[in-house]
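Visitor: One-letter residues, chain by chain:
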Amino acid sequence: MNIPLDYETLRLIWWLLLTVLIAGFAVMDGFDLGVAGQLLIVARNDDQRRVAINSIGPVWDGNQVWFILGGGAVFAAFPLLYAAAFSGLYAAMFLVLLTFIVRPVCIDFRSKLADARWRATWDSILSIAGLLAALLFGVAIGNLFLGLPFHFTDELRLVYAGGFFGLLQPFALLCGLASVAMLLMHGASWLLLKTAGEVAERARWVLLVSAGLLVVLFALGGAWLAHLDGYTITSALNPSAPSNPLAKQVARVPGAWLSVYTLHPWTLLAPIVGFIGPLLACVWAWRRRGGLSFLCSALGVIGVIFTAAFSLFPFLLPSDLDPSASLTLWDASSSQRTLFIMLVAVVVFLPIVLLYTGWVFRVLRGKVTEAYVREHKQSLY
Amino acid sequence: MTELDPVLLSRIQFGLTALYHFLFVPLTLGLSFILAIMESVYVMTNRPIWRDMTRFWGKLFGINFAMGVATGITMEFQFGTNWAYYSQYVGDIFGVPLAIEGLMAFFLESTFVGLFFFGWNRLSKGQHLGVTWLVALGSNLSALWILIANGWMQNPVGAHFNYQTLRMEVTSISAVIFNPVAQAKFVHTVSAGYVVGSVFVLAISSYYLLRNRHLAFAKRSFAVAASFGLAAALSVVVLGDESGYEASLNQKMKVAAIEAEWQTTAPPASFTVFGIPDAKDQVTRYALRIPWLLGLIATRSLDTPVPGINNLVQVADGRIRDGIQAYRALIILRTHPEDAAARTQLQAHVDNLGYALLLRSAGVDPLTASDKDIQQAARSTVPPVGLLFWSFRVMVGLGFLFILMFAFAFYVSARQSFERHRKFLVLAAFSLPLPWIAAELGWIVAEVGRQPWVIDGVLPTQLGASSVSGGQVLGSLIGFLLFYSTLAVVDIYLMLRYARLGPDTYPAGGKSTQRAAITGDSP
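Residue numbers (this note's numbering), protein chains in the order written: chain A, 1 to 381; chain B, 1 to 523.
None of these hints come from the bench; they were simulated from the model.
Since this is a predicted model, take the numbers as computed values, not measurements.
There are no misleading hints in this set.
Quick look at which bits of chain B chain A covers, simulated, 3 or more residues with Cβ under 8 Å:
(1) 73-83
(2) 97-103
(3) 467-478
Straight line, CA to CA, 35 Å or less: simulated DSBU-like cross-link-like pairs of lysine-lysine:
(4) A/K367 x B/K125
(5) B/K423 x A/K112
(6) B/K219 x B/K125
(7) B/K125 x A/K377
(8) A/K367 x A/K112
(9) A/K377 x B/K219
(10) B/K372 x B/K252
(11) B/K423 x B/K219
(12) A/K112 x B/K125
(13) B/K372 x B/K280
(14) B/K219 x A/K112
(15) B/K252 x B/K280
Examples of chain A residues toward chain B, derived with CB under 10 Å:
(16) V65
(17) A73
(18) I101
(19) T357
Backbone N, C-alpha and C define an ideal beta-carbon position, used for all residues, glycine too.
Sequences are here, hints too, so could you generate the full structure?
Guide: Structure (C-alpha cells):
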C-alpha cells in the first residue's frame with residue numbers, strides 16, 4: 001500500500017487531532033465532571049441531587065468515551081508519549097483512574113436504595129471524584145510546561161526519576177485550580193441549560209464566580225509562563241525522520257513557551273477565545289440564557305486547551321532531567337503507515353459518532369425538574 | 001526489607017484486574033442480545049409483558065454495565081502505567097485496534113445505552129428497539145477489536161522490527177485485522193458471553209418458578225434463555241475447537257502444555273482426559289487417554305505429529321542461538337546505523353530476535369551467554385503445565401455441561417413441564433456461577449498459556465514492564481484489592497436484591513399507578 005500523505009503532514013495532523021480529542025473530552029465530559037464537582041453546593045436535598053444527576057444521567061457514559069478514545073489515540077499515534085506519561089505519572093494516573101472508576105458506580109448505584117446515608121455517601125464520593133479529576137488534569141498539564149524528570153537508556157527504555165509529590169509545584173497547582181474553575185463553570189452552564197428552579201439558580205452563581213476565577217487564573221498562568229524556562233529544539237530538525245527522541249538537541253530558554261505567539265500571531269486566537277468565552281458565558285448566564293451560556297463556556301474550554309497545545313508546540317512531554325530526551329510530535333509518533341491508517345479510521349468514524357451523539361442529545365432535549373424526578377422515582381437515577 | 005519485584009507485582013495486578021473486568025464483560029455481551037431479542041418480540045407481538053421483561057433484565061444489565069465500564073478503563077491505563085516498554089515497543093500495532101474500538105464500538109454502546117434506559121417514552125417503539133440493537137452491536141464490536149488486539153499478542157502477524165526506532169511497526173493492517181487467531185477468539189469469546197447471559201436469565205427465572213412468583217414473566221424469560229443458550233453453548237464448543245486448532249498452528253507450546261504432552265508421540269496423538277502432570281519428572285501420571293483424538297483436534301489429520309514440550313524446548317534452544325546473531329547486529333547498528341553488513345545480519349535473523357531477549361529477561365547478556373544460560377532460557381519457554389492442563393479440562397467440561405443443561409431446559413420449556421422438573425430448576429438456579437468459572441478459566445488458558453511471552457515470540461513479559469518501583473506497584477495493587485473488593489460486595493448485593501425483588505418492584509403492567517409511571521418516562 002502506498003501512503004498518500006507524507007510523514008511530516010501526518011504528524012502535524014495527528015498533533016492537531018490529539019488536541020481536538022482532548023478539547024472534545026474537556027467539552028463533553030468536562031460538564032459531567034463539573035456537575036459532579038458542584039453537586040453538594042447546588043443541590044441541597046435528595047430531589048435536587050437527583051435533578052443534577054439526572055441532567056447528566058443519560059449522557060455521561062457516551063461523554064466519557066472521549067477520554068477513553070483520547071487514551072487509545074495517544075497509544076496508537078504517539079506510543080512513546082503514552083508509555084512515558086502513564087508510567088512516569090504512575091501514582092497520579094491511578095488517582096485519576098480511581099475518580100473515573102467510582103463515577104459510573106456512584107451515578108448508577110446511589111438511587112438504587114432509598115436509604116439517606118447510602119445516597120449521601122455516594123453523592124459525596126461523586127463530588128470529590130469530580131473535583132479531584134479536574135484538579136489532576138490541570139496539574140498534569142502544568143507539569144508539561146515544567147518538564148518531567150525522565151530520560152532514556154540507549155535501548156530507548158524510559159527511566160523516571162520523580163515521584164507524586166514532585167508534581168505539586170506552584171505553577172502546576174495554579175493550572176490545577178484553573179482547570180477546576182473551568183470545569184465548574186462548564187458544569188454550571190450545563191445545569192443552567194438543563195435544569196430549572198433552585199438548582200439552576202445556584203448553578204448560575206457558581207458559573208459567575210468560577211468563570212471570573214478562570215479568567216484571573218488563566219491570565220496569571222500566562223504571565224507566569226513568560227518567566228518560566230521554556231524548551232526549544234536547537235539541532236537541525238528532520239520532521240520526516242524515524243521516531244527516535246534521542247536524535248535531537250534541546251535547550252531551555254526563558255519565555256520560550258510564548259514564542260509561538262510572536263512567530264505565528266494567528267495562534268493568539270486561542271488565548272483570546274479562552275478569555276472571551278468565559279466572559280460571554282457570564283453575560284448570558286446573567287440573562288439566564290442557558291443555551292448560549294453553555295456554548296460560550298464550551299468555546300472558552302476549547303480556547304484554553306488550544307492555548308496550552310500551541311504554547312507547548314512542538315513538544316508533547318518535555319524532560320527537565322535530560323531536555324534532549326523530551327518527546328516532540330516529530331520524534332514520538334507511530335510509523336507513517338499507522339498514522340495514516342488511524343487517520344482513515346478517524347475520518348470515517350468520527351463524523352458518524354458526532355451525528356448520532358447529536359441525535360441522542362436532541363432526543364434528550366428539555367429540562368429536568370424536581371417535579372419530574374419526583375414523578376419518576378423508580379425509573380430515573 | 002527484601003526487594004519487591006515490580007514485574008511480578010504488575011503481572012499479578014494485571015491478571016487480577018483483567019479477571020475482575022471479565023466478570024462483567026461476558027454478561028454485558030450476552031444480556032445485551034437477550035434484551036434485544038425480548039424487545040423484538042415486544043415490538044412484533046405488542047404484548048406489554050415482553051416490554052416489562054426487557055426493562056427488568058435491563059435494570060440488572062445496567063448495574064452490570066456500570067461495573068464493566070468502570071473496570072474497563074483500568075485495563076487501558078495499565079498498558080501505559082505498568083507495561084510502558086510493551087506500549088512503546090508495539091504501540092504502533094497494538095494501539096490501532098484499541099483506538100478503533102473506542103471510535104467504532106465503545107462510542108456506539110455508551111452513547112446509546114443512555115437512551116436505552118431513558119428513552120422509553122421519548123422514542124417510538126421501533127426507534128427504541130433500534131437503540132437496543134445498537135447497544136448489543138456496539139458491545140459485540142467492542143469485543144471484536146479487543147480480541148484483534150489480544151489475537152495479535154498470541155500471533156503477531158503483519159508487523160516487523162524497525163532498528164531505527166527500536167520497536168515493532170505495522171506492515172499490513174489487514175493481516176492484523178484478519179488474523180485467524182483473532183477471528184477464532186472473537187467468535188469463541190462472544191459465544192461464551194451469550195452462554196453467561198443465558199445462564200444468568202435461566203437461573204434467575206428458575207428461582208422465580210421455584211418460588212411460584214412472576215410465573216408468566218419467568219416462563220417466557222426461561223424460554224428465551226433456553227433457546228438462545230442452547231445455540232450459544234453449541235457454538236462456544238465448536239468455535240472453541242476452532243480456536244484450539246488455530247493455536248496449534250501458531251502456539252505449539254501452548255497446546256503441548258494444555259495437553260501435558262511431554263514428548264512428541266507417533267501421530268495421531270491421543271487426548272488425555274484425566275491425569276496428573278508432573279513437571280519435575282516430565283510425565284503425566286494416572287493418565288486416561290483417548291486414542292487419536294488430540295491429533296484430530298489439533299492437526300485435523302491422522303499423520304501430522306503434535307509436537308511435545310521437550311521437542312519444542314529444543315526448537316527454542318535453536319531459535320535463541322539464532323536470535324543472538326540478530327541481537328549482535330542490533331548492538332552494532334545502535335552506534336553505526338549505516339553498517340550494511342550488520343543490517344543484512346539483522347535481517348537474516350530478526351525473526352528470532354525475541355528469543356535472544358529471553359536471555360535478557362533472565363538477566364543474562366546475550367552476547368556472553370553460555371550454553372547453560374541458553375538451555376535454561378529455552379526451558380523457560382514452557383508455561384505452567386498443571387494450571388493449563390486443569391483449567392482447560394474444567395472449562396471444556398463445563399462447556400459440555402451447558403449444552404446438556406440448555407437442551408434439557410429447551411425441552412422443559414417446550415413442553416411447559418416446569419412443575420414436573422423442579423429438581424432441574426433447582427439445578428439451573430444453582431448453576432448461576434458456573435459460566436463465569438468457565439469464562440475465567442478460558443482467559444487463564446489463553447493468557448497463562450502465552451507465557452513467558454507478552455507477545456508470542458517477540459517480547460518476553462519480563463521486559464515489557466515499566467521502570468517503576470516495586471513499592472509503587474504494591475501500593476496500587478493493594479489499592480485495587482481493597483477498592484475492587486468493596487465494589488464487588490456492593491455490586492453483588494444490589495444484583496441479588498433486585499433479582500430477588502423481581503419485576504414487581506419495577507413499574508410493570510397491571511396496577512394503574514404503575515401504568516402512570518411508565519407512560520411518564522423511565523428506563
